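Residues per chain, in single letters:
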Amino acid sequence: MKSIYFDNAATTPVRKEVFTAMKPYFSTYFGNPSSLHAKGLEARDAVEEARKLIAEILNCATDELIFTSGGTESVNLAIKGIAFARKKGHIITQKTEHDAVLETCKWLEKQGFELTYLNVDEFGLVKPEQVEKHIRKDTILVSIMYANNEIGTIQPIKEIAEVCRKHEVLFHTDACQAAGYLDMDVKNLGIDLMTINGSKIYGPKGVGLLFIKKGIEIEPLLHGGGQEYGLRSGTENVPAIVGFAKALELAQKEKVTEVQRLTALQDRLVSGLQRIADSKLNGHPQKRLPNNVNVSIYGVEGEAVLLMLNEKGICASTGSACSTKSLEASHVLLAMGMSHEMAHGSLRFSLGKHTKEKDISRLMKVLPGIVKKLRDMSPIKAEVRNG
Amino acid sequence: MAEKKWFYTDIVKEHFFNPRNILKTDKEAEEFAKHADGVGEVGSPICGDVMKLWIKIKDNKIVDCRWQTFGCASAIASASMMSEMVKENGGMNIEDALNITAQDIVKKLEGLPARKIHCSVLGHKALRAALNDYFCKTGQKDRMVKDEKHTC
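These protein sequence lines map, in sequence, to chains A and B.
Everything in the first sequence is counted per our numbering, starting at 68 for the first residue and increasing by one.
Everything in the second sequence is counted per our numbering, starting at 406 for the first residue and increasing by one.
Isolated chain B, as found in the complex (with noise of 0.2 Å):
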């Protein structure tokens, strides 16, 4: 079949079909969370986008990552590339997982169209909720970042 034209960039397609540390199925999803560190859920059905989010944590750093959503080819594909920078080298520490933006997700895709961003990027700020959750599990309530809302 002849390649077909694409709105997106190459990579947010490449994502998009193939995405990365997705739990494919309800099924890897339970077994997932039986051992996961830290849980997060951001988005809306409402707004057409929701992301869960679950984590492992060791040594401060978080050594996997894996992820649900609802949504657009945009909000697939920016969790999934979240998913995978955050897991790079064996894991991103914590300090630098919270300070993951919007911005430098839609810089590893090469682009989203604006409208997209607010609504579609929600993989930081369901990374900072799964993290909330650990803290507040592991006792670290110090550590705990007030918590993005998102709105539409």
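Chain A with its partners taken away, still in its complex shape (with noise of 0.2 Å):
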């Protein structure tokens, strides 16, 4: 039997088209962007006609597009760059981001940086009025993510960035889980800074860039062969860049039917998990990415059903503590008001382009025997209702 693959949010498997317009560049054009001659050369096109397309679907100009090693090195690029660049002020993110955001903001408070990390309502929503009441003389910087990858839900980051724009501060929106599915246009969205990568549109790992709207200074981290005008030293990956971009044209070309298909998919799977008794849906019930679906299970711990569903070949994730490198429960389902004891109960299960209505349908047959199971081998019986 096939595995069924439902961790979408966590990375995507390389498309074909994808895979095919990058292996040219692995040994037959090898060679480095910054050289003069022919091999030389034939690298370099190839990396600014990867800009070029990609400037196209932002919406933006080529030389505002910085490529990298992925979202964290784009993250930390935007956070600490304009935190360099201004030596000492005020930031303000909120309690769901990445770790990328969190810990990138939580470093700069150690060197004298001073932090706000706005709550989240039960959906884990922002609100633009909660970032204009924060925002002081001495604000720098303002970041929140498009889409959550725990949850899904969508921030408001259109009208968070007007705020910004009104009282002149920087914003920026970590966008890694929305390249696939929503509104790029950074003009349309009215965006300084923007964080995409590459792995979670079914282009290659190890690649992702950061759009930083023309004139803002910003400082480097990587200093040393002035590459991408010289905001990060260090040869392109150009098999990476070459295929993130075909990656994204990919994805924005196939958005509309994509997440409509997505949609219907994540009703039907909510609905069937609505079925376990105890269980509650996270999130936004609308304003959600469409291939994330959220749930917490009372009285069962994550990961253990996440290893009981590999071991029938289905590969989902948790929210809980368990699995990851941290003992704390999901600090994004906390920060939404959920108990300890749900969030340690949470799983999520992220579709994509691969997943049909039969893989949810063997998902629905085999998840509520394992909670069944582990329920039954508990001490703690269930009684709280969608706690």
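Since the hints were made in silico from the structure, they are not lab data.
Predicted, not measured: the structure shown is a model, and the values here were computed from it.
Watch out, some of these pointers could steer you wrong.
[Claimed, not checked] DEER-style ranges, computed between Cβ atoms: (1) A:Gly-404 to B:Lys-409: 44 to 50 Å; (2) A:Gly-404 to B:Glu-500: 34 to 40 Å; (3) B:Glu-515 to A:Tyr-296: 39 to 45 Å.
[Stated by the list, open to error] The calculated lysine-lysine pairs, modelled on BS3-like cross-linking and capped at a C-alpha distance of 25 Å, are: (4) A:Lys-225 to A:Lys-281; (5) A:Lys-379 to A:Lys-322; (6) B:Lys-432 to A:Lys-423; (7) B:Lys-551 to A:Lys-439; (8) A:Lys-379 to B:Lys-418; (9) B:Lys-409 to A:Lys-448; (10) B:Lys-410 to A:Lys-425; (11) A:Lys-423 to B:Lys-439; (12) B:Lys-432 to A:Lys-440; (13) A:Lys-322 to A:Lys-204; (14) A:Lys-69 to A:Lys-448; (15) A:Lys-448 to B:Lys-432; (16) A:Lys-322 to A:Lys-439.
Note that CB positions come from ideal geometry on N, CA and C, so glycine has one too.
Combine both chains into one complex, guided by the hints.
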């Protein structure tokens, strides 16, 4: 039996068209884009073609795009880069951001920057008014994610960007989860800095970009050969950049039909999960990514469910402590006001381009039995309904 | 079905999927509890791991040891492993049982990630709690051990 992959928010497989586009750039067109000979120029052309393609999709200029090694680096460059350029000041973010943002911010706090971590409501949403209320004279940056990786909640970034513009504060958004499904037009969104990566959109891992609106002063993190307009030294990862551009092009082209298809599958999965007693759908019922389903099942521990699913050939993920590096329950679910008990029983199913209706059926065939088995062996008895 | 890759050791897997001495349902737990000589519960749902354990004692030996667990794979496997250690060779004597450490259980499981040990290896603590309960019920308060409070 083929395994079923419900972890597309963690990473996606490289799609065929992307892989095909990348292949010549490993051994045939292997040159260093900085070299002045033919081999170098071939590679340079490939990087600049990719940049042009992405610039068209994001509706920006080519020299506003910096290729990096992925989402984490882009986020670090955006937040630290602005902080270092300004030397001091206040930064606003929010509590359900990805660790790449939160840990960068915490580190900057240690360096003397002041941070505000905005609360979210029970659906994981931040309100533009909250951002406005916390903007101070010395606020240098607001960083709010486009869509959340654990619960799929989509933040009102266009409205937040407007607030930031009004107060002349820079706005960065981590759009890694959004790139395949939402509007990526930076002019329409009114964004100053935006992070995207390849590995969530059927592109390769190890590549991402930071959009930086022209005129924004930013300090590089990597010093060296001065590649990427002096903002990201290091020989360009040519095949990955080529693949990333192809992946983004295809994702945006197929966006409308794919969103529609996934939304139907998502609805199906949600209604299946709701039949499990004492379970609760996490995130916003409407303002959510079409591929994300996050559920808390009272009285079971997420990792145990995940590993039993794994044995049945189903790959899912958990916001629960135990499977990841930290023993704390998901910071996202806790920020939304969920109890630790419910947060420990959370599971994330992230659908993707290869997800079929029959995959959802197979999941719903095995999951109730696993939940029952684990609940039966648990000394904690479920009395809390939709806690 | 092709064998799936597994995160922990094979022995953890074996105990996770086939836990020994577990009370599979509430009914089984109720039945066993009626004749148990001691019961202990440790952990917290806040940490994500709770273990409840019942023992039967005969001639200063733990002749039976059953349990229920809410927790991750390593919590379930470590509870299972400990119950097997205790019941080996007709039952461990109480003094030896009181000396079981998390490291002993982890060793038998051929290793667990370091971060898992503190929260999910609860068997030895539950066992001490159950033995304290037994000492308390049988008027042997002098034998009671200082309860290790489980904290996250």
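Supplied distance hint 39 to 45 Å, evaluated on CB atoms of Glu-515 of chain B and Tyr-296 of chain A: violated, 52 Å
Outcome for the supplied range 44 to 50 Å, where the beta carbon pair is Gly-404 of chain A and Lys-409 of chain B: violated, 36 Å
25 Å Cα cutoff - pair Lys-69 of chain A, Lys-448 of chain A: Distance of about 35 Å is beyond 25 Å: violated.
Restraint status (C-alpha distance of Lys-322 of chain A to Lys-439 of chain A at most 25 Å): violated, 38 Å
Status of the given 34 to 40 Å range, CB of Glu-500 of chain B versus CB of Gly-404 of chain A: Violated, at about 48 Å.
25 Å limit on alpha-carbon distance, applied to hinted pair Lys-410 of chain B and Lys-425 of chain A: holds, 23 Å
Pair hint Lys-225 of chain A and Lys-281 of chain A, alpha-carbon separation not exceeding 25 Å: holds, 19 Å
Pair hint outcome, Lys-432 of chain B versus Lys-423 of chain A [Cα-Cα no greater than 25 Å]: Violated. Lys-432 of chain B to Lys-423 of chain A sits at ~39 Å, over the 25 Å cutoff.
Agreement of Lys-551 of chain B and Lys-439 of chain A with the hint, judged by alpha carbon distance not exceeding 25 Å: Judged against 25 Å, a Cα distance of about 36 Å means the pair is violated.
Hint consistency between Lys-409 of chain B and Lys-448 of chain A [alpha-carbon to alpha-carbon, up to 25 Å]: With a Cα-Cα distance of about 31 Å, the restraint between Lys-409 of chain B and Lys-448 of chain A is violated, given a limit of 25 Å.
Satisfaction of hint between Lys-418 of chain B and Lys-379 of chain A, Cα-Cα up to 25 Å: At roughly 14 Å apart (the allowed maximum being 25 Å), Lys-418 of chain B and Lys-379 of chain A satisfy the hint.
Restraint status (C-alpha distance of Lys-448 of chain A to Lys-432 of chain B at most 25 Å): It holds: about 13 Å lies between the C-alpha atoms, which stays within 25 Å.
Of the hints listed earlier, those the structure fails to meet are numbers 1, 2, 3, 5, 6, 7, 9, 11, 13, 14 and 16, in rising order.
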